[in-house]
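Go by the hints and put chain B onto chain A.
Respectively, the protein sequence lines represent chains A and B. Heads up, the first sequence is in my numbering, so the first residue is 6 and it goes up one at a time. Heads up, the second sequence is in my numbering, so the first residue is 6 and it goes up one at a time.
Just so you know, these hints were derived from the structure itself, not from any lab.
Where chains are identical, the list cannot tell them apart; a pair therefore holds if satisfied intra-copy or between any two copies.
EDC-like mimics (lysine to aspartate or glutamate), calculated; alpha carbons at most 20 Å apart, straight line: (1) K430 - E20; (2) K340 - D139; (3) K70 - E58; (4) K69 - E58; (5) K362 - E380; (6) K407 - D199.
There are 2 protein chains.
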Amino acid sequence: MKKVQERNVKGITAEKDEFSEWFTQIMLKADLADYTSVSGCMVLKPGAYSLWEKIKEEVDKRFKKLGILNVYFPLLIPEKTLMREAEHFSGFTPEVAWVTHAGETQLHERLAIRPTSETLMYESYAQWIRSWRDLPLLYNQWNNVVRWEFKHPVPFLRTREFLWNEGHTVYASKKEAEAEKDKILKVYKEVCEDYLALPSLVGKKSKKETFAGAEYTYSMEFLMPNGRAIQGPDWHHDGQNFAKAYGIQFLNKEGKQEYAYQNTFAITTRMLGVMFAVHSDAKGLILPPQIAPHAIVIVPIYFEDSKENVLKNCRALAVVLKKYGAIIDDRDTYKPGFKFNEWELKGVPLRIEVGPKELERKEAVLVRRDTGDKEVVKLKDLQKAIENKLEKMQESMLEKAKRLLYGSIVECTTLEEIRQAIENKKLAFAPLSGDAGVEDELKSRMNGAKVLTIPDVQPKSKKKCAVSGRDATYWAYIGKSY
Amino acid sequence: MKKVQERNVKGITAEKDEFSEWFTQIMLKADLADYTSVSGCMVLKPGAYSLWEKIKEEVDKRFKKLGILNVYFPLLIPEKTLMREAEHFSGFTPEVAWVTHAGETQLHERLAIRPTSETLMYESYAQWIRSWRDLPLLYNQWNNVVRWEFKHPVPFLRTREFLWNEGHTVYASKKEAEAEKDKILKVYKEVCEDYLALPSLVGKKSKKETFAGAEYTYSMEFLMPNGRAIQGPDWHHDGQNFAKAYGIQFLNKEGKQEYAYQNTFAITTRMLGVMFAVHSDAKGLILPPQIAPHAIVIVPIYFEDSKENVLKNCRALAVVLKKYGAIIDDRDTYKPGFKFNEWELKGVPLRIEVGPKELERKEAVLVRRDTGDKEVVKLKDLQKAIENKLEKMQESMLEKAKRLLYGSIVECTTLEEIRQAIENKKLAFAPLSGDAGVEDELKSRMNGAKVLTIPDVQPKSKKKCAVSGRDATYWAYIGKSY
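So that you can see chain A by itself, here it is in the shape it has in the complex (with noise of 0.2 Å):
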């Protein structure tokens, strides 16, 4: 754990490149979270959950216009359980902790905190599903899992534990189950874009990247500021998989018995880092207005004769702008200065000074929190300014990340383009073979770098792939990866 002198150092003091200690630097100063005596689980504090609870409100609303109702499993799962699946169950079995002990009592089978929860939902499905009129079924949780990595664990991108969605849908026949594809990619995209002002590349997983036990894959990348991809959202076709391990049965209109077809998709709290990364600076973190708790900050600056007068106009101000979670910090203790620096700090999307001058002329100051842009405005213009301003800054917070994206993004035929794009921190676009051995060796040849994803919409021209030579069977996003 950091040393307490350290942490209590106001403003952040390493660069954006140099990311890790930027990023860390960003995460306990802004307030958002903060590491605990459990290795690589770390505390979400207010700053950080109430962003949580944002997503999981509008997701969770778009999800109910679908018709998808919220279930609770339990958090352990009994190994035999956890093995029906068998490449599944290889997929997960080397990062899950195990619960072998009651009190002094040694249980006679093992219990795995769910990494994903697959596995016990589906033995419940089995049980629940008799006849097509059960289908669909569209159940989703909101829970916590855990996946003990023994890589290195990096706040909010890749921690033992983290909150997601996990959904687990069922239909009758593989047509329904696939046409729920676009819905669900709909919702994610966006809450990734409208909220969090985050845009990605949408598409499929290499069959070597697909999620263990799905028949194929969908995803959502992101680009991250040290050039580094990492997904998000995604959203995964089983076919009949598990319904045949776990017995997931019905009796069509027919009367004849039939496995059905499955889809699962989750969003996690790793977006949280995703956009922490990609929109803060040097002074630190800087909320998209739509997803701020709090879009405005007012900061009432005074003299002890102006004082009164001052405070009354900022709380009749704080009333009028709750709509936009306006607060005031009139803390007594604190000078304007270190106000602002604290507020930009924790990335409060606008600032409004109000001080005797500006109330003379009727006026306060805004202040953006992504431009620094400083604008006077009458108070009788405040509220048009303001919803002007936050919608321009949302607006050009998610243009700044399609720039930063797609200007990452490198055309490649070669071998050697891809390693130089790579090395230059940009995603290479690459025609690429299907083969099995592909992949294999491009990671290798390429320090770790993989396929990302294979959007759906691909370049007309015919290329050769650019790893074996041979004819390529798509355009594929390569870059190093979370």
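Below, chain B without anything else, positioned relative to chain A:
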């Protein structure tokens, strides 16, 4: 797990006085929850989970108004951390689920799945709190906890994993800390009474029943229809116990180091079980309108020639009644009688029947789930009638539950009277000495009945202790408890 055959028989086949069998049938047949292959743990199906979401929403809204902020701490607690407050540790350690392995690797220190989070949170609090400026610190989390009880599990009421809120607040003075009690208990009481329609006995726990590590505990005690009491939400004042064990100190305004004062409080998914048990009947579940996600079900009644017209009108009605979460049961495959039974089983507060006859007369039939009362209402008066009926139903469910609770209290002054009250499945209200031995003696002589709670408002009459014959310290409620 129950055999499928038996599970699929519709309707409750047990009487309410065979409590355990009846309760299990309500749970399974009203589609609230189910067993899993993890012993003592259950699935909350959408029927139950949606009710928990409502409880969360209402409690959380009120907490936020009190300035309480949500956080998320890790699930796992290192053994060393758990051990730092000895009394607390010994209270929980017999029920702790221990993680000993991750993948193939044995951990060098065992990790407890949180039975509650004081220990881990307070380690962080000790780092975060430096000065009086950091206080009060008002944090809460909504999460899952595991207590591996070896007693017979009962769905909802005693499960090895449950969901709850855990509030953990820190104050600079004992007075401020103690002033929190009434605010928190008011939140819980409002939600239990106004939404769950559940009255309770509120009071202080005896020394023996005080939470492990707390100075004193206040709780809300509910009465189940089988005569057993059950503890609901509680609030604990910890004094400086944990502050001293975990080193939570702050510089006060005079520049001196002081230990802080702490409280904790919780409401759990157990309350769902209490609500189901108290309000339901031989036909199935009865949900209070204020908490029912669907307060109304519309059942269309038609023959082939009237089908189109009836369905059209029902759908229009559902749109008008959207704010009640009205649903239409337009399944073609079931007869109205079957549907009536199913929605009665699932506890929907109000049923609206609409057939060609009713439409001709511009009427609908309203049926209240709790009383079974039927009323024919003109369509133009429908909204007002619904509003009125739902309000009445909510009130009368609370009144009925109050009659059950208060009608079960028997004033006793001797051990023999207490014994009789308990045998008759009543709660005893009796004068007791606060001496250490009295509670032990009571418990052993009363077949496990114990002191439930000591109300703040005490009878004027001074009496002798019903157990020891010495001067009584207080009047207390006594009963068998879950």
